[in-house]
Amino acid sequence: MSYRIAVDTGGTFTDVVVADEHGNLVVGKSLTTPNNVFSGMSSALDNAAANLGVEADSILKETGVLTYGTTRSTNAIITSSAAKTALLVTKGFPDTLTYRHGGKREPLNLKMEFPDPYIPRRLTEEIAERINSEGGVESPLDVELASEIIQSLEPKRIEAIAVSFLWSIMNPSHELQVGQLIEKFLPNVPYTLSHQLNPIIREFPRTSSTAIDASLKPLMQKHFIELESSLRTAGYEGEFLVSTSSGGIKHVTDVVEKPIFTVKSGPAMAPLAGIAYAEAENLGNDIIIVDTGGTTFDVSLIRSGEIKYTRDTWLNGEWIGHNLGLSSVDIRSVGAGGGSIAWIDSGGLLRVGPDSAGADPGPACYGTGGNKPTVTDAAVVMGYIDPNHFLGGRMSLDTNAAAKVVEEISDKLDMSTEETAAGILEIAGEQMIKAIQEITVQDGVNPAESILVAGGGAAGLNIIPIAKSLGCSQVLLPKTAGALSACGGHYSNIVSEHSASRYSSTEDFDFDGVSKIFSDINAKLDAEQKSLQSRGVNSFDREYFVEARYLNQQWEMEFKLPMQAIENPRDVELLTEEFHNVHFRRYAVKEEGGTIECINWKGRLIAEMDKPPHAHAELNTSSKFDADRTVSAYFSDKGQCQTPVYVGADLPEKSEIVGPAIIEEPTTTVVVYPDSIAQVTAGGHYLLTPK
Amino acid sequence: MRKLGSNTNARVQEDANLDPVLLAIMANRMDAICREMTNTVLFSARSAVIGIARDFSCAIITAEDEVLSVAEAMPIHVFGMHLQTASMSKHHPAFREGDAFLDNDPYVGNSHSADHTILVPVFHKGEHFFTVGVKAHQADIGNSQPTTYFAAARDVYQEGALIFPCVQVQRDFKNNEDIIRMCQRRIRVPEQWYGDYLAAIGAARIGERRLKDFINKYGAKAVHKFIENWLNYSERRTTDAIQALPSGQFVAEAEHDPIDKYIPLGLRIKADINIDSDNGKITVDLTDNPDCVDAGLNLTQATATMSATQAVLCCLDSDIPHNSGSLRRIDVILRENCIVGIPRFPHSCSVATTNMTDTIINAILAGFTQLGDGYGFSQGNMCNGAGTGVCSGKDWRMGGAPYVNQMFMSAGGMPASAQNDGMHGMVNPVSVGLVYRDSIEVNEQRFPFLVDCVRALEDSCGAGRRRGGPASEVIFGPRQDEMLVINISNGLINVPQGVLGGMSAKPGFQICLASDGSRQVYSTDAYCHLMPGDRLHAVDNGGGGYGDPLDREPERVLSDVAERYVSREQALKVYGVIITGSGELDDLAVDIQSTESVRLSRKTATQT
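Chains Z and U, in that order, are what the protein sequence lines are.
Per this note's numbering, residue 37 is the first one in the first sequence, and the count goes up by one each step.
Per this note's numbering, residue 591 is the first one in the second sequence, and the count goes up by one each step.
The set of hints was computed from the structure by calculation and includes no laboratory data.
A couple of the hints might just be wrong.
Listed next, the in silico DSBU-like pairs over lysine-lysine satisfying Cα-Cα at most 30 angstroms (straight line) [what the hints assert, rightly or not]: (1) K860(U) <-> K871(U); (2) K802(U) <-> K448(Z); (3) K127(Z) <-> K871(U); (4) K674(Z) <-> K807(U); (5) K660(Z) <-> K626(Z); (6) K807(U) <-> K727(Z); (7) K470(Z) <-> K715(U); (8) K147(Z) <-> K860(U); (9) K802(U) <-> K626(Z); (10) K626(Z) <-> K764(U); (11) K860(U) <-> K680(U); (12) K470(Z) <-> K871(U); (13) K764(U) <-> K807(U).
To be clear about the criterion: a stretch of chain U counts as covered by chain Z if any three or more of its residues have a C-beta under 8 angstroms from a C-beta of chain Z, and this derived list gives those stretches [said to hold, decoys possible]: (14) 623-629; (15) 639-650; (16) 662-674; (17) 788-799; (18) 891-898; (19) 996-1004; (20) 1041-1047.
Predicted model only: the values in this text are computed from it and were never measured.
Positions of the beta carbon are idealized from the N, C-alpha and C atoms, including for glycine.
This is chain Z alone, in the form it adopts within the complex:
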């Protein structure tokens, strides 16, 4: 038997998904052990091995590919625990990271503390130098002063350095010289140069990505080296691949050089599982992927088989947090999950979130000190979660505690406890609907024409009414919903991207300039392709993108080019046509005959990896199946209903269950609402049809 392993190390749980050569996926879960990640990974693997009935050691020895996703870098950013990093900027512009893009939420809220920049101002140094917008030198680099400044960083015990100068994308000589000075004076301090990491126009996102990348280098390099060494010691001899924010994987040696690519890489894997599952079940390739966790609800989007990307990813809050600056999988998160707290405002309105009970103190029903009603408590009150069968019976819940906290607000609302609980779930669902609408309609996608793939332990509680409200006719809830991101690792390719800036207007297209950009990008992709070929990868594809705008428009729009190079006026016509179409789809207007300005160009190399085959699940072959038991569950339009509870493993292929019903899986619960239908697919997943 040969295996492949995908790991997703979250803040609380480590998920391991083992695929055998028939494509069967088995999930193992364990608590994350931040001080020694391998230990948690190893227990999760033991858990999966037990489910498979094999020894963990033998799985590890017989595995050829292991993909690893981690929230370590994301957490380091969110908790400001990355390396002590200095930022070197062009003289006169020390506040690029402080000011950010500007803007804030809540127009009339003046009672907010201004959030700190990613690198403190005290560790930001101004270097005398200036390049202009055409790449000419306005003032030369003051080498003497720069040397002094770099040397002055040593007594401050700086652990990493980010260098981001204005217009380095047009002329990198000053950044390169400063890089050499760093190597000369502080040879052991890792550094990042902005034009090498992220050569795009706009100094804020470029500087932000440079600062984040540099700050992660000491931490992540140590992490990967230690983890790889533990894996090797444990007898693992296969490839060690790491998930990235662009929804692909990379060899660990490549990620060590640019650790920023591991930020938000976990959720970036979920859409890959979405495509794989939806295609295996022939459900089309317009897909919305949702992942419901304890505190957040993440949405990503696939349109015509293509993942939606964005250059506007924020950590710690849009506009006031830290901008990733790189093109990465577009993931919209809202603060609505199992732990979100329900409350009543002074106008008498029922609200849910954004405060969350999280894992500590947790929902009231956990009995771990939580005393506020959460979405999970509401689900317990409604009978959706069985207090004795939560997480496969590994944790028992306190129904009375859940009822008590929900009652506290139902009394104020003059509604019954069950009605209030239903209201809590409905309002949480409403925020999820809004997040789905934002990402879809903004891209001109009609959710009703897409399939929803639902992951996360709490997804099954209310995905049917959410789908109904969006007009989606079908929802696919994978058997492995509880570990959707880790599953995505099994369906990923090696993806590598390179960008470059070159202004060119369709009015007077700069064929020479743009073709030089394409050959620069291709040279980088060629080098990577060659190195991958030497590792035995043979199937490659390339895609090209442009960020463009109508003449004088303020924001660029990225779209995929319908060609591989721009060589003649016909290519420019095709580019123009595509721009008009995408603009119309997103913004409902287009300017016929309007001039288009192209700003940034991007090339993507996709190296196809072998994937697990789509398994025909080993399901109950008898045509008969029975409910495990019957419980009383509450549904808004029917009241209390006698509701059969099924155990997932008992259900044969193609069996249809008409709601009201509840299906229990080890890592998730599916609530089949009255008259809605759940059908078991050949892969052992659940296809839900809302009614």
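Position chain U against the provided structure of chain Z, taking the given hints into account.
Okay, now just chain U, sitting in the frame of chain Z:
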């Protein structure tokens, strides 16, 4: 106990209100529609004033002319839209599906003539339910000067804007090309205006589609009930917030800098505020102020009302929905022919969204501190410096093509409250920090100027227990050809005030450092003609302080010193905090004992 029905209409009973769950859900949908419209305008806009400064707003107004939902609109834009929809009904009583109207009439309900408002009525089965409003500040409106903030305009004729008093611009979803051609003949960089017009129309039509879906989904009855309940809910929230304040009557004042011959002595604005806590009502009386002036500084009915309302709402709970419901609890009393009231034709209101508006807002924010520590704010940056000016000229790199554009490079300090320091990025009180910033690289690619510096200035915040946000410094100039920068600044003489023992910020300034070494200092109404090599040096205001600086926690002062917002000298002189260690070794610390004794002796000295 009410029984929940199986569909929405069954959940709506004749005399009953919507249940709190359905009300929340429908409000959420409304909010989502406004946001989608907002994103459409933002990402498809051409001019910086819309795409960067977010100087636009989307709103949903009811058929009864009440503002219902605004999402995160620029507050100053929103109220007054109900006056504009009333004007639509008056001038076009037979309006129908497919119509769109263009309104920028400052004498009826619009904010000022530069704000082009698109109004689209929304129908369901022949019944008019809503009107969608998209209001956006245009980069140019065909004024006699290349600016949309024309302070020197003696009257509307000298201002020179094309005025559209609710004019039909679409019928059956198609443009009235006559209007489009009029605009294109008169407005500078016409393709920029047309692109922004398309962005606004696109957003309004998206809003229309979504609202039709909304009515279809919930049914007419539920929607009517929702409108009534949602406005009542907003009113209830406002009442509650006002009832949490102490009752009181006080006068709030702030002063605008002199402007040449128009207001040679400056102008003191007074707001008489009455808080009736028992009845949950606040009245702001602006009638005791000077008459309209022969300049573009007069406010419109919409901006006078809204600046007072915005400031009051800031002092309440920021979570209250802002609509005609919350407005029922805040009365703003205006008089005709008053500079901060109802303008008399043909007085110009060209600058009605910034200078006097800012002055009213600062007056009221600080005025509320008369209720005691814990209420109100200090004052924020009121200097609309050159970093937010309108630049124009010709670009040699583009064969001499003309350009005109408002820049957003400066930041300015926000006011402090009893709990928090002022933030960066005020730009001015009316825009409450919503404004995005220009990328320096994008600016230099688009326009032929070079920027030397954009930074937050040390020791520029008004000190206090909570300090104001820092001022910003911007230095820039043209590269090869001459350039004109026009701005109307304020805050050069009168500065953002500190409150309750907090200190005031410093005055801003604006100087041209010519290549020959000479200097020219500009006054409030600045026309800066810059030659190649000249440098325009502009500094705006920090925010004022809140409370006694000697009460500021030493660790906050330490952080300010380390982060270079406050110098060590200032830490000792103003805050009485003694800092040890050095920046070079990154080991700054507070000498707690000496600090305590310095502070004690200073406090004793002031008490005796």
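Each hint tested on the structure:
no.	hint	verdict
1	K860(U) <-> K871(U)	20 angstroms, holds
2	K802(U) <-> K448(Z)	34 angstroms, violated
3	K127(Z) <-> K871(U)	52 angstroms, violated
4	K674(Z) <-> K807(U)	21 angstroms, holds
5	K660(Z) <-> K626(Z)	57 angstroms, violated
6	K807(U) <-> K727(Z)	15 angstroms, holds
7	K470(Z) <-> K715(U)	26 angstroms, holds
8	K147(Z) <-> K860(U)	25 angstroms, holds
9	K802(U) <-> K626(Z)	23 angstroms, holds
10	K626(Z) <-> K764(U)	14 angstroms, holds
11	K860(U) <-> K680(U)	34 angstroms, violated
12	K470(Z) <-> K871(U)	34 angstroms, violated
13	K764(U) <-> K807(U)	27 angstroms, holds
14	623-629	holds (count 3)
15	639-650	holds (count 4)
16	662-674	holds (count 4)
17	788-799	holds (count 7)
18	891-898	violated (count 0)
19	996-1004	holds (count 3)
20	1041-1047	holds (count 6)
Hint violations for this structure: numbers 2, 3, 5, 11, 12 and 18, all remaining hints satisfied.
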